[in-house]
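Spelled out from the first residue to the last, the chains are:
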Amino acid sequence: MNAPEHARRQEGTTSRFVTPAAVNVVLLIATLYFLLPVFWLLVASTKSRTDLVSSFGFWFANPQLIENLRALFAEQDHVFVQWMLNSVIYSGGGALLGTVLSATAGYALAVYAFRGRELVFGLILGSVLVPATALALPTFLLFAQLGLTNSYWSVLLPSIVSPFGVYLCRVYTTAAVPRELIEAARVDGAGELRIFLTIASRLISPALVTVFLFQFVGIWNNFYLPLIMLQDDRLYPVTLGLFSWQSQLSRDPQLLILIVVGSMVSVVPLIMTFLSLQRYWRAGLSAGSVRA
Amino acid sequence: MTTTETRTDRRTRHTSGTRHRRAALWFLLPFAVPFVAFYVLPVVYAFAQSLQRISRGGGSYGKATSVWAGLFQYDRALHDPDFVASLVRVAWFSLIQIPVMLLVALVLALLLDTQTARLRRFHRLAIFVPYAIPGVIAALMWAYLYDPRLSPLTQAMSTIGLDPDFLSPSHILWSIANVVTWTYAGYNMVVMYAALQAIPTELYEAAAVDGAGELRIALQIKVPLIKPALVLTAVFSIIGTLQLFTEPQVLRTITTSITSTYTPNMAAFNAASANDYSYAAALSLILAAVSFVFSFGLLRRTTRGEQA
Amino acid sequence: MSQTRGRSRTRTVGLAASALAVATLATACASAGSTDAGSATAASTASAPACAPSTGKVTLTFWNWGTGMDKVVNLWNSQNPNIQVDLKTVPSGNAGTYQNLFNGLKAGTAPDLAPVEYDTLSSFRLVDGLQDISGCAGVADAKSKFVPWTWQQVQMGGSGVYGVPQDIGPLALYYRKDIFDKNGLAAPTTWDEYYQDAKKLKAADPKSYISFFSQADPNWFTGLLWQNTPTLFSNDAGTWKVSIDTDQTRKVADYWQKMLDENLVAKDLQGFSEALNKAWDNGSVLTWISAPWGWSTIRDGAPSTSGKWAVAPIPQWDASAPSNGNWGGSTVAVLSGGKHPYEAAQFALWLNSDPQAVSMLIKETGIYPAATTDSTDPFLSAPVPFYGGQKIFDVFAQAATQVNPDFVWGPTMTDTYRFMSDGVAKTLAGSQTLSQTLTDTEKKTKDAITAQGITVAP
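Protein chains in written order, with our numbering: chain A, 1 to 292; chain B, 1001 to 1308; chain C, 2001 to 2458.
Bound-form chain A, shown alone (with noise of 0.2 Å):
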C-alpha cells in the first residue's frame, strides 16, 4: 500500500458513489452488524438469570459478572479450566503439526514434478466435500478396534489432516518460491530439506501462519469429532463441555448463565491468538504481495 498520496487523494475527489463518508458509514453498519450479538453476549455473560430472561437483552442489568466468573472457574471441581486446557491442546498441537504437515505437502507438490502429482493433489482437494458425518463414523470404528478412543490422542490425530492448507501452502509456494532460488541452493550444494528448512520456509512463512490460524480455530470449533470419541468428561474440550452444560439445562436451569459465560470466555482465546498473529499476518501479506 504505498501508493502515492496524491493519486489516492485523486480518486476520493473523483469518484461520485464512493465517498469517504459512504465508505466509512457503510463500513461502520457493517461492524454494528457483526458485533451486535457478541456484543449480546457480553451483556449477558454479566446478568443473573432472571435478569437474562426479564431485562432488555441489549443493556446491563444488575451486572455480577465477578460473580458469574467465579461460579463458572467454582463449577464441577474448576472442570471448565480443564476444558479450556483441553482445546488448547487440541487446537494448538493439532494446529502446530498439521501447520508442518500441510508446508512439506504443499511444498513438495509446488516444487517436485512427478507422475500422479495432479491426481493426488484433486484426491486432496476432493477430500473436502467429504461430509463431517461421513468420516467421523467410520473414523470412530477405525479408533476403536486400535484401542483408541477415548483419549487426547483420538482427537489430536484426525485434526492435523487439512487439505485446505495443503492447497494454500502449495498454491503460496509456487507464487513466493522462486524457482531459480531452490536451483541456485542446490548447485551450492544444499540438500533438498535443507533447502526448505532454511530459504523455503522462511519465504512461505505468512501462508503458515494463515493456515495455523485457520487450522486453530477449525479445530477449536471442531464439535462432532470429540463428540463421539470421548467420553471422559475430563478429556473434553471446551465446545463439547459447553453442550454438556447446555444438554443438562433442563435439569438445572442454574447452568444457563454458566453456558452464556462459558462461551463468552471461551471466544477470547480465539480473538487473542487472531489478535497477536495479526501482525505476522500482515507483514506477510505484503511480503507476498510484493513477491506475487
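Just so you know, the hints here were simulated from the structure itself, not pulled from any lab data. Using N, Cα and C, we set each Cβ at its ideal position, and we do this for glycine too. Be a bit skeptical, because a hint or two may be false.
Sample of chain A residues at the chain C side, in silico, Cβ under 7 Å [to be verified]:
1. 55
2. 72
3. 144
4. 231
5. 253
Given chain A, work out where chains B and C should sit, using these hints.
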C-alpha cells in the same frame, strides 16, 4: 490453479531426477499417512457400508448381519421424499445465501482496501470475529435473538411498529441464512482482502492518474484480478452450505419450523442415529457427490471463461 | 435425576440436546459393529441364561447421571465388601450418556450397569447391548415388588428380564389453581371439561393458553395416546404389528387438533425451554400435563409462581373407567460385555426395591419409584410448599395404578418419535392435521422396522 503454473512444472520435469522424486516422497509422506488413515479409509469404509443392508435372523432381536444389497440404499434415498426435499432446500438455500454472503464480503473487502476507510484494523477484526465463535455458540446466540419471547431484537423493533417473526416456517430458512452469513462473511472477506492486498499498486495507479474513480478501479481492475480468490471462496461456500447442520439443529430447540430431515446432513445423521448406518452412509455419499458436481461445475465454468 | 431421566427422550429426539444431538452417532457405530459382534444372547430363547456368582471380590462399574446416587452406592458398598460398585457420574446429559454407552458397547468399554429408559430398552437390545438377567437369583421373585406394568416392560414381551425398573412417570394435571379459582373453575375431570375450561380461560384473558403443544416432546404425546389405547405396538411370533393410527388414537389426535384450531393451546413453545419458563412465570400458560418428575421443572423454571400451582388427576375420556399413560422413567440395565451379571443383578435389585435404598433414592436423587414398597415414604407423603402445601405425590400414586398395563414399545422408538415430532411440526405449521401425523408416523415406522431386517405386518 492456473495455466502458468503448469507451464513451469513442465519445465521442471525435464531437470528433475530420481533424487527429487525421492525428496517429494519424503515431503509428502508425513501428510499422506494421516490423510489416508483419516480421510481415505473412512470414505472407503462408508462406501462399503452403503452397499449393504441389515438382515436379522431369529426373531425381532435376532442377530443382525450386514448383507450385500447393491444399490438398494441409493434407490431408497432417491425415493425418500424427505431426503429429496432436503436436497432441494439446501440447493435453493445455496443459490440465494452464497451470492449474498460473497457480495457482502467483497464489498467490505473493497471498502477496506480504499484509502478513505478509517479504523481499518478495527473493522477488519470486528467483521472477522464471528468466524472465531464456535458454530454451536453462534447458533445459540442467534436463537436468543430470534426467540420472539426473549429477543431484545424483536423488542426493539416492536417499538417502531415492526413485528418480525424470524422463526415462522416461511422465514426460518432465511433466518438460518443470516446466521451462516454472519459467521462466514468475515472469513471470506479476509480471504478476498488478502488477495486485494497482493495486487501490485502500480496496476491501478495508472488508472487513478487517468482519472478513474475508486468504483471503476474496483470493478474493472481489482475484482477481475482477485477472481481466483472469489472462485475459491465460492467453492468452499458451496461445500459448507450443502453440509448445513449445526445451525438448523440448534435452532430446532426453539422452533417447530425445522424438521429432523431439514437438511441432507441432518437426514444422514438421523439415519445413523436409528441404527440405519448403511442408509446414513449412502445419504452422506450422495451429498458428497452433489457437492462435487456443484463445485466442480463452478470451477469448470470459471476456468473456461478464463481461457475464452 | 428422575426429572432428567423422564424426559431424556426429549433430548434424543429432538431438540434441546440435539443441538448436538447425538445419542445417535453412537447407535450408528454400535449398529455397524453389531454386524461382526453376534452373540448367543441375541435371540430370545425360552430358557433363561445361566447366571452364576463370581468367586472372590468383584468390582462393578455403574454409570449414572444426576446427583445424589453416590450416597446410595456408598451404603451398598459398606454392606457388601465383596461386591463393590464404582459409580461414575456421567455429566453430559442423557443424550450424551446413551451415546457413550453405545460407543462403549462397541469398543468393549461399557460399564456393567447403566440407566436405560423403558422406551430405549429395545434400541439397546437391537444392538445386543443388554443381558437377560432372568436366570439370576432373586430376579423372578422381585416381580411383585414393582408396579405391575413396569415389569411387563422390562420383560419386553418375552420371558427374559432386561432391566430392573427404577422410576416411572404416570401423568397428572399441573394447573394454576389461583387462576382457575379466580374464574370459578375447579380442576377438570374429563377432557371435555378441560376443553370448556380452556375456552373460558381464553375468554377471561385472550393472551393466555390453557397449555402448549410441544413438538419437542413426542414421548409426551405418546403418553397422551397411551391413556386411550392399550398399546401402539404388538409382537406376535417375531412379526410386529404397528397400531399408531387407530380409532382410539385418532380420538386423542382430533381432540388436540380442535384445541390447536381454536387457538386454545400455544403452538410456539417447546418443553423445557426458557421461553416456556417465561410463559409459566407470567401466567400465559396455565396447565401442564406431566409426570411426577415435572414438579421440580415448574418450581425451578418459574420460581415466582410459588404457591399458585396444584396437581389434579389427569382428565379422563370416560370418567367411569379411568385410565392413564406414562411419560418417562427408566430402568437400571445390566449391559452386555460385563463379566459379573449375577452381582450386577443383585445390586440393581437392591437399589430399586430395598426399602432403605428406595427411600434414599427418593430423597437424594428425586425419583418417583417404580417399586410399590414405599407408598408411605416420608418424602413422598410430605406437603410440597411450591404447590400450596398439597401432598402432590398422592395424586401420582393413584395415577400409577391407572396406567394401561399392556403397553408395548416398538423396536425403533428413536425413529418413531422422530417421525411423530416431524409430523407435529407440520401440524403446528398448519400444513397437516394431527391424524395425518399419526397415519404418516405409522407408515414410516413400518418402513423403519423393515430397514432393521425385522418383519412387520402390513
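Okay, the hints, checked on the actual structure:
no., hint, result
1, 55, "violated, 12 Å"
2, 72, "violated, 15 Å"
3, 144, "holds, 4 Å"
4, 231, "holds, 4 Å"
5, 253, "holds, 5 Å"
In the structure shown, a violation is registered for the earlier hints numbered 1 and 2, in ascending order.
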